[in-house]
Each structure stands twice: as structure tokens, then as C-alpha cells.
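K.L.:
Single-letter residue listing:
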Amino acid sequence: MTDLVSNLSLGLQVALSLKNLGLCFLGCLIGTLIGVLPGVGPIATITMLLPITFGLDPVGALIMLAGIYYGAQYGGSTTAILVNIPGEATSVVTTLDGHQMAKQGRAGVALGIAAIGSFIAGCVATVIIAAMAAPLTKMALLFGPADYFSLMVLGLMFAVVLARGSVVKAIGVILVGILLSTVGTDLESGEERLTFGWSEISDGLDVAVVAMGMFGFAEILRNLESTQARDVVHAAIGNLLPNRKDFGQAAAPIARGTILGSILGLLPGNGAVLGPFASYTLEKKLAKDGSRFGKGAIEGVAGPESANNAGAQTAFIPLLTLGIPPNAVMALMVGAMTIHGIVPGPQIMTKQPQLFWGMIASMWIGNLMLLIINLPLIGLWVRLLKVPYRLMFPSIVLLCCIGIYSINNSPTEVIMTAGFGIFGYALLKFGLEPAPLLLGFVLGRLMEEKLRQALVISRGSFSTFVDCQLWSGACARPLSTGLLVLSAIIVVIAVLPSIRKSRDEVFVED
Amino acid sequence: MADAPETSVDETPRGFIKSPLDFGGGLFLLALAVVGYIGAFNLPYGHMNSIGSGLLPKSVAILVGAFGLGIMLQGLFIEGDRLESWGIRGPIFVLGAVLVFAFAIRPLGLAIAGPLCVIVAAMADKDTRPVELVIFSLIMTALCVGLFKFLLRLPIPVFPPGYGPF
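From first to last, the protein sequence lines stand for chains A and B.
Under numbering that gives the first Met the number 0, the first residue of the first sequence carries the number 0, and numbering increases by one thereafter.
Under numbering that gives the first Met the number 0, the first residue of the second sequence carries the number 0, and numbering increases by one thereafter.
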């Protein structure tokens, strides 16, 4: 406990320096600015803004990136409420009641409660991260290559379960992601794989390129086709601060959403995505009058928004303690950290405590800042959203191009991003979900590395992953075995008809 | 990507293929698997205690192909959705704009590549208004130059090499 306090105070010292405070502020501001653009989710936002952190020292860069991340999240909610266009999967739920509230002239209250709920969730999640980081980092030292491999298998299985639609399609798509991750020079033998003699990709494909193509450009293409008119709220924004009655209604959902989101965010395989859906379903079940949902119930905004933010933050835990990115956004964070010479994993906390705790403390400050920035700036975001889409999307295209180009000053990567744009568009048109693919791509390389290490250690025996004797209960690798058994159970559950039905219901909620 | 199978969205009673969407999706995966397998064709499998560079790509490609086939078969027999129609205008102009940017940024610089990119992208929308667009593209580019070149000092070329004040 004293450790926790002293660690956090070290972190606060770092994060409260004038420069870092400024970077945190700037990150939140620009992140919100880009995240507010319709159809631009956190993935595209972070990719676009990655280059602006290049000139900074590692601590400052990470603090700014984290700020961009929260800003992007919050910007997405603003768009969901005001325009009814979710920037990403997790804000879909917010559109349901948030946009209805906006239509009833209560947009201000919806935005206010989203910000307040997110702030409370962020505070709780920050404490959870700080408290769990040390024990989890110690646990990470017990992980051998086989355990890492099995943990990533578990993560991918979670992604399968969390994907919408057919389980078979989700697995197929994840495998495509793994296949893409093998493109480039093999680290052990130096042979080129799947490059077809094209030297530009001999270093492998960049996460930013794949992510921007599949989530930035493909999303623009989809938005252009949607015939549904964007309906920016014309009604007055109204009072920003919720009144006492609103607070009374929203308090419990915020608390429940925070707990749900924090737990789900910890899961490998993008559990954070599930938070808002789960919270919405829970609130609807608990409500005395469930029929108010979908017609502007404040609980339907407060709960999911809190869950969203809590999950977005606890998703840092697997990355910071185990070095495994649980979702695409965190994979971009890995990319960003690598650019600054930081290798995410258990060693950060011991070797660079300033960086580690500074970033965690800045998460809390970032959340506070979002509250301060957004409440007065909502008018500005509304005006930005009124820019017609015919001008908005070409600007997004230009910003994406500059962002991708600036990462490596490479025109070729811009061309490749266009390629992944059409690839992502094709996936959408064939009813295949891009999110699991990206996770497979992100984890693929790490999985192959760990697989090889594990097999070298076990001298080529695959049984190292489940080295257990049922009759005696002796287990050489209990972690790996347990994780693989859990993965198997999850998949079996996912294909059971009754669960499938309720899972579909969660996603088709409207 | 080039292999969009029959995009014909025909009338209600389905023919041989019960779910064109699943069939197409499966075919798409199968095509990717074939490309992946060819790309890894010459790589060695190695043996178990030191697996070769080809083991993972080849076995994953085979699995992708298997799942693709499975989804195709499912599409043959289980009633499902039709293929969505593919937009032409959107992909051509949006991705065309990206390519224009990629090819123009080095030789011409952001001051020229920027407006070009914005204008080409905007053609993806039918409601484009030329005058408004040109003015807007110039303002956007100026803002980008200010932000990326001056504020953030990124090494992005603004003018053709040898021309321009900076």
C-alpha cells in the first residue's frame, strides 16, 4: 500500500511537470479534435497523430499519446451523440440513447454525463492499474514462452467470441491476420517470406499501414455509400450540467459500468469492446421501465460510456505488464513505444519507473483534462460537425496521407495503405469483420516467436503446451495448460446454440 | 481483391448458391490462402525442434483455405444474405487521391500534392461544388503546412525540390 502511494506520487511528480502537463493537454485536445470527425475512430486518430510525438522525449511522447487516445475515445462519443455516427464499435451503444437525448434537446446533458461518467471510470481504472501493475509484473516473470503462446491463443479465442456473426468466419479472418504477420524477413533464418520479391515489404508490414487502410480508408468508403443522411442535431445543446435528478438516475449505472468495463478491459483479445454492450444490456434489465431505453434514457448513456472508458484504460494492463497488446489500439501503442526505444513488458516498471508511473498518473490527469476541455468546447465540436461531409472526408483523406507518410517519410507506405483500404473494403463487402484480423496480425509475429522458443526448449515436443498427467495431477506447465483449456472451453461455448442466440442479441441490440 | 465473384443481385428465389455473401467471403479467403501458400512455397518446413521459416505461413495458409472452403460450402447450402453491391466511384476517387498524394509528395511537395489529393478525393461525392472545393483545398493545405511543417517540424517537403522559399 505504501508502495502504491509512493509510486503514484513519483508518477504525479513526473506528470505534473509543466511540460508534461502541457503535452497531456495538447494530446487530449488534438485527440478529441480528430476523434470528433465522423467515422474516424481511435485507431485512425492515433495513426494520424503518431508523427506529432516524434520530436518528444519518451515520457512526454507516451503521455501525449495516452492523451490522444482518451481524446479520441471521448471525441467518438461526442459524434455518436450529436451525429448518430459511431466512430468505432464501442460507441455504437452510445448512439442508441445518446442521440435520442440529443433530439429531445438534451444533448448537453448527454455529453455532460458521458464526460462525468468517463472521468469517474477513468479515476477508478487508474487506481486499478496502479494496484495491479506490481503483482502482475511479478507474475509475468513466471511466464515461459509456452505460457505466452497459450495466453495469446486465449486472446484470439476471445476475439472470436467477441466478433459479430459467424464464429467460422471470425476464425478464418484471424488466420488471415496471422498469415499477413508472416510477411517479411524471417527473424531466424533471414529468408524473405511472402514478399514476392518486393523489397519494400521485406521488413514486414507496419501495423499503422494495415490499421489505417482497414479502419481509416475503408470506413470512409463505407460512409460514402451509406444512404442514411447524417443528421447533426439541430436542437439546442441545452444545459451541460446534469441536474440532481439526472445524477440520481446515472450514479448507479456509472458505478456498475465502471466495474464491468474494468474487468472486461483486462481480458486479452479486446474484451474492452464488450463493456458498453454488457453495461447497456445490464442497465436495461435492471431498469424498472425497460421501454425507456432507446428513447433517450440517461442510464443508457452513463453506464456504457463509463464501461467504455474503464475498459479503454484497463486494456493498458496486459500491455504494460506482459507486453501483449490486447487490441489494435494497444498494438499501435507498441509501435509508438518502439519508435521511442521502449519495449513494452514487465521490465518497464523496474527499469523505467519514471516512465511507467508517470504515464499512469497522466492517465488520471488526462481524464480530468478531458472533462475541463470538453465541457466548454462542445460548442466548437458542434460547429465542426456541421461542416458538410463532402468537404470533411477529403480533409480526412489528406490528414491520413500526411500521417502515414510522416511515420517513415515513405511514399510507398502511403500506396500500401491504399491497398489495405481496398482490402478492408472487400472484407466489409464479404461480411468479414476487420477487427479480429488486425488482432491476429498484431499477435501473429509474437506468437510465432514464442512458439519457436517453446519448441526449442522442449526439444520439439508439442506436448510442452499441455504437459500434464491426468492420473497423477502432476503438471509441468500449469499456466499454459490452463490457458489452453480455457480457450477450448470458450470456443465450445461460443458455438453452443443457446449462447450463440444471446450473443447475437447483445450485438443486434437496438 | 480483383476476384469479386458474380455480383449479380438477382430476384428472390435463390439459385444454386443459397448465400452469395458467404460463398463470396469463403472464395475471398480461399484466394488469399492460395496467394499466401504460393508466397511461402519455397520455404522449408524444418523439423520440430527447429521449425523452419515455411512451417507457419504454409500451415496457416492451408488453414485459411480450409476455413474458406468451409464457408463456401456453407454458402452453397444454407440460406443467407446476398452480396452487397460494390461502389465504383468511392474506391476509385478516394484511393486514387491517396495514390496521387503518394506519387506527388516527393517531386511536387505538399503545397501541390495537398490540394490535388483533396480535389481528387472529393470527386467521390456526387454533390461536389467546384469553386468551394478548390478554395477549401487550398485552405486545408495551408493549415496542414502550418501544422506539420512549422508547428511540428516534420520533414515533409512543401515545394518541389529547388523551388519555393523553404
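A few of these clues could be false.
Below, a list of computed lysine-lysine pairs in the DSS-like style, where the Cα atoms sit at most 27 Å apart [unchecked claim]:
#: 1; chain 1: A; residue 1: K283; chain 2: A; residue 2: K294
#: 2; chain 1: A; residue 1: K18; chain 2: B; residue 2: K148
#: 3; chain 1: A; residue 1: K350; chain 2: A; residue 2: K137
#: 4; chain 1: A; residue 1: K284; chain 2: A; residue 2: K244
#: 5; chain 1: B; residue 1: K17; chain 2: A; residue 2: K385
#: 6; chain 1: A; residue 1: K244; chain 2: A; residue 2: K287
Computed far set for chain B versus chain A, every beta-carbon distance over 12 Å [said to hold, decoys possible]:
#: 7; residue: F15
#: 8; residue: G45
#: 9; residue: L75
#: 10; residue: R152
#: 11; residue: F158
#: 12; residue: G161
#: 13; residue: P164
Hints are computed from structural coordinates only; laboratory data are not their basis.
Backbone N, C-alpha and C define an ideal beta-carbon position, used for all residues, glycine too.
K.L.:
All hints are to be evaluated individually against the structure, with a verdict given for each.
P.N.:
Status of the hints after comparison with the structure:
{"no.": "1", "hint": "A/K283 x A/K294", "in the structure": "holds (12 Å)"}
{"no.": "2", "hint": "A/K18 x B/K148", "in the structure": "holds (21 Å)"}
{"no.": "3", "hint": "A/K350 x A/K137", "in the structure": "holds (14 Å)"}
{"no.": "4", "hint": "A/K284 x A/K244", "in the structure": "holds (21 Å)"}
{"no.": "5", "hint": "B/K17 x A/K385", "in the structure": "violated (43 Å)"}
{"no.": "6", "hint": "A/K244 x A/K287", "in the structure": "holds (16 Å)"}
{"no.": "7", "hint": "F15", "in the structure": "holds (19 Å)"}
{"no.": "8", "hint": "G45", "in the structure": "violated (9 Å)"}
{"no.": "9", "hint": "L75", "in the structure": "holds (14 Å)"}
{"no.": "10", "hint": "R152", "in the structure": "violated (6 Å)"}
{"no.": "11", "hint": "F158", "in the structure": "holds (16 Å)"}
{"no.": "12", "hint": "G161", "in the structure": "holds (18 Å)"}
{"no.": "13", "hint": "P164", "in the structure": "holds (20 Å)"}
Checked against the numbered hints given earlier, the structure breaks hints 5, 8, 10 and satisfies all the rest.
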